[in-house]
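J.: These are the residues of each chain, in order.
2 protein chains.
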Amino acid sequence: MSIVQRAGEQEKLDWLRLIRTENVGPRSFQTLMEIYGNAGNALQAVPNLSKKGGGQIKPFSDSAANKEIEALTKRGDKIVLACEQSYPKLLREIKDFPPVLTVQGDLACLEKDSVAIVGSRSASANGCKIAQMMAADLGKAKYLVTSGLARGIDTAAHNGALQSGTVAVVAGGIDVIYPPENKDLFYKITENGAVITEMPLGSVPKPQHFPRRNRIISGMSAATVVVEANLRSGSLITSRFALEQGREVFGVPGSPLDARCKGPNSLIKDGAYIAESAEDIISVLQNLSYMRPTGLFDKASNDLYLAPAQKISEDDVDKARRVVHEKLGASPTNVDDIISQTGVPANIVMVVLLELELAGKLDRHAGNKVSVYSFDNDLFGKAL
Amino acid sequence: MSIVQRAGEQEKLDWLRLIRTENVGPRSFQTLMEIYGNAGNALQAVPNLSKKGGGQIKPFSDSAANKEIEALTKRGDKIVLACEQSYPKLLREIKDFPPVLTVQGDLACLEKDSVAIVGSRSASANGCKIAQMMAADLGKAKYLVTSGLARGIDTAAHNGALQSGTVAVVAGGIDVIYPPENKDLFYKITENGAVITEMPLGSVPKPQHFPRRNRIISGMSAATVVVEANLRSGSLITSRFALEQGREVFGVPGSPLDARCKGPNSLIKDGAYIAESAEDIISVLQNLSYMRPTGLFDKASNDLYLAPAQKISEDDVDKARRVVHEKLGASPTNVDDIISQTGVPANIVMVVLLELELAGKLDRHAGNKVSVYSFDNDLFGKAL
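Those protein sequence lines, which keep their order, are chains A and B. Heads up: the first sequence at position 192 corresponds to 205 in my numbering, and the numbers run straight through without jumps. Heads up: the second sequence at position 39 corresponds to 52 in my numbering, and the numbers run straight through without jumps.
Possibly wrong hints are sitting among the right ones.
Where chains are identical, the list cannot tell them apart; a pair therefore holds if satisfied intra-copy or between any two copies.
[What the hints assert, rightly or not] Taking lysine-lysine pairs in the BS3-like style, the calculated list, with each CA pair at most 25 Å apart, reads: (1) K155 x K332; (2) K282 x K142; (3) K153 x K282; (4) K153 x K87; (5) K196 x K64; (6) K219 x K153; (7) K282 x K340; (8) K125 x K332; (9) K87 x K340; (10) K155 x K382; (11) K87 x K201; (12) K155 x K91; (13) K125 x K71; (14) K340 x K25; (15) K125 x K25; (16) K71 x K196.
Calculated from the structure, these hints are not laboratory results. All figures in this text were calculated on a predicted structure; none of them were measured in a lab.
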């Protein structure tokens with residue numbers, strides 16, 4: 014997609030409608046944009062696509078989207094599309110970037126280079142002190158500090174960077190403050206920084222929302238620093254996202270006798286950088302090419318959405334549908350294998366899979382794999 | 014040198030006399046052995062060599078050496094030569110291995126694979142607990158635990174491995190217990206393990222003795238583990254020796270807020286392994302080829318001392334002396350440069366340097382470099 018200073022009102026409405034549409038996620042949003050060139054066209058295509066996949070999805074309604082926009086505007090919040098200048102530039106580069114963000118606070122801070130500081134909710138006093146010091150020092154060095162508004166390390170990191178600017182990525186709607194005891198912190202953050210989310214107004218965060226949220230924390234940041242974390246913890250999920258996203262991971266070392274240090278120590282064991290101070294982080298980031306203003310990423314993303322839409326003949330899709338369906342099963346199958354084994358062109362396979370996804374029958378997995386729930390016999394015949 | 018089960022009485026006497034001779038250190042001991050084939054011949058050569066270098070060194074006397082041996086025997090201590098089976102096999106491979114060790118306790122334990130655990134004298138309770146646990150677990154896995162009998166981490170490491178066997182390398186004579194509060198620990202160590210030193214009976218440890226001692230701790234061990242250590246500390250010197258000796262270095266991670274963790278954290282930053290438990294250490298050591306019984310090192314060292322002595326003509330040395338002297342100065346000079354610039358054969362240069370060393374006029378430095386103190390004009394003429 015080409016990056017614009019600000020998107021128009023209609024574009025904002027269309028993007029919001031498309032991403033709020035049932036069974037449309039960040040990945041299928043991108044596929045729809047690639048095929049139909051813009052959100053308006055994609056919205057028109059959704060009913061027919063889902064029907065072909067055996068479902069009956071309707072686009073998120075114009076009025077509901079308008080209602081969300083009005084409510085946000087009334088609250089003083091903003092909507093930022095992934096194609097807009099204020100959208101975090103590194104976030105736009107991850108494979109499942111959120112197309113639309115809701116922002117409360119200072120939009121401009123999102124354009125700064127970000128470092129994520131995450132860690133245990135039940136952190137030690139020392140751990141919190143380190144997080145706060147690192148955040149303050151990163152702030153002095155002009156970095157944005159990003160975290161998740163949780164208790165413990167997150168809270169300390171935000172507190173350390175209140176003056177310089179910090180971003181809290183939350184797992185629920187922008188109007189749902191969680192945990193409730195961080196209400197004051199929430200508002201302090203929005204003074205020089207921002208609270209952001211991809212979730213609609215009013216969404217109450219559920220356990221499965223936190224990993225999704227974590228991909229945004231690491232995805233908008235050049236580096237993720239884990240201060241204290243148990244071996245099975247959300248912070249380690251965030252660091253795993255960071256690695257998958259090609260970003261740097263730092264662990265703050267700690268005593269082997271403290272279970273909360275097992276997380277960062279294990280990261281260091283596996284090759285993460287060791288961070289004793291903000292300086293350790295900055296010295297690594299200053300040597301990264303993608304942290305320079307003329308990065309690779311902006312260039313690459315300009316080619317992402319090639320409007321006008323690709324010309325895909327409906328006839329071709331109709332002919333290919335059955336042979337693609339036959340390759341699918343409950344076990345994840347590589348999409349490239351489907352293409353090579355069926356001989357169906359990649360863009361046609363993409364549409365068939367999108368149909369099933371919109372119909373709620375297809376799951377996407379890591380490594381470009383897909384699986385399907387059991388098919389409806391009436392739609393696809395006995396053979397399936 | 015070829016390894017023997019036990020050296021004869023005369024050989025022990027000769028080796029002890031040679032290493033106790035003024036200006037003879039571990040490196041010149043080796044050079045003398047290489048040239049003269051055995052310690053007896055080397056002792057005879059010492060007076061003339063030192064005279065040629067402008068000094069007047071006499072070999073350590075027969076009676077004084079016999080007195081030391083008798084005193085040691087009376088105490089129940091043993092003398093172990095580097096050519097004997099009980100001498101720590103990895104120690105024999107370092108460039109400045111001590112030719113003679115004095116041992117109180119169990120000789121056999123020195124043949125086990127050793128791991129050194131070192132750290133701060135003013136260690137934290139947690140640090141001591143970790144050192145003790147690691148030592149106990151390494152002991153259970155049949156490793157010898159080596160340390161320096163100091164307060165703090167050393168004491169904890171020895172305590173953890175009292176049952177399985179631990180070695181304390183001390184900086185003074187075997188009869189000088191330092192620090193005095195570790196008297197009980199000293200005797201407990203000798204029950205299943207040993208206390209060892211290269212220093213003569215009665216030597217009181219001085220500050221400059223500790224780094225020398227540290228090279229033995231790391232040199233006899235496959236790995237050195239630093240538990241807590243300030244940035245400028247003896248433990249980091251030990252770890253530097255370990256690296257120079259081609260051994261493994263482990264750091265136990267700790268809080269950046271504790272100055273005692275800066276040492277191991279900095280080691281990890283520089284590429285040392287991270288050790289949270291004995292398991293981390295063992296898993297690395299099990300994959301090292303030189304830890305296997307048929308290692309490279311024994312084979313290499315068999316060729317070290319090529320008896321009978323090399324035939325070096327005194328005339329050749331006399332002719333070459335002046336031209337070699339002219340190349341020397343107060344700044345360290347590479348021995349290879351002296352050889353290539355003078356055209357004098359390497360073994361002749363070696364003898365000329367040895368003469369100066371025995372005369373107390375030459376210092377050896379890292380990287381095969383030597384420097385000299387100001388020469389005596391009467392001996393070498395105005396030109397120098």
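J.: If the cutoff is 25 Å on CA atoms, where do K125 and K25 land: within, between, both or neither? Let me know, please.
T.: This pair counts as within: shortest intra-copy Cα distance 23 Å, inter-copy 72 Å.
J.: Please work out whether the CA atoms of K155 and K382 approach to 25 Å or closer within one copy, between two copies, in both situations, or in neither?
T.: neither (40 Å within a copy, 48 Å between copies)
J.: Pop the pair K87 and K340 into one bin, within, between, both or neither, using alpha-carbon distances up to 25 Å.
T.: neither (49 Å within a copy, 87 Å between copies)
J.: Should K340 paired with K25 be assigned to within, between, both, or neither, using CA atoms and 25 Å as the limit?
T.: neither (37 Å within a copy, 81 Å between copies)
J.: For K155 vs K332, is the C-alpha pair at or below 25 Å within one copy, between two copies, both, or neither?
T.: Neither: 56 Å inside a copy, 69 Å across copies.
J.: If the cutoff is 25 Å on CA atoms, where do K282 and K340 land: within, between, both or neither? Let me know, please.
T.: Answer is neither; intra-copy 41 Å and inter-copy 49 Å both fail.
J.: Between copies, within a copy, both or neither: which fits K71 and K196 at Cα up to 25 Å?
T.: neither (37 Å within a copy, 84 Å between copies)
J.: From the Cα coordinates, with 25 Å as the cut-off, is the pair K219 and K153 best called within, between, both, or neither?
T.: For K219 and K153, neither the intra-copy (35 Å) nor the inter-copy (47 Å) Cα distance is at most 25 Å.
J.: With identical chains treated as interchangeable, where does the CA-CA distance between K282 and K142 reach 25 Å or less: within a copy, between copies, both, or neither?
T.: Classified as both; 23 Å inside a copy, 21 Å across copies.
J.: How do K196 and K64 come out at 25 Å by Cα distance, when the copy is not named: within, between, both, or neither?
T.: neither (44 Å within a copy, 86 Å between copies)
J.: Between the shortest in-copy and the shortest cross-copy C-alpha distance, which are at most 25 Å for K87 and K201: within, between, both, or neither?
T.: Within one copy only: 20 Å inside, 78 Å across.
J.: With identical chains, the pair K153 and K87 could be close in the same copy or across copies; at 25 Å between alpha carbons, which is it: within, between, both, or neither?
T.: Intra 34 Å, inter 69 Å, cutoff 25 Å: neither.
The structure is inconsistent with the numbered hints 1, 4, 5, 6, 7, 8, 9, 10, 13, 14, 16, although it conforms to all the rest.
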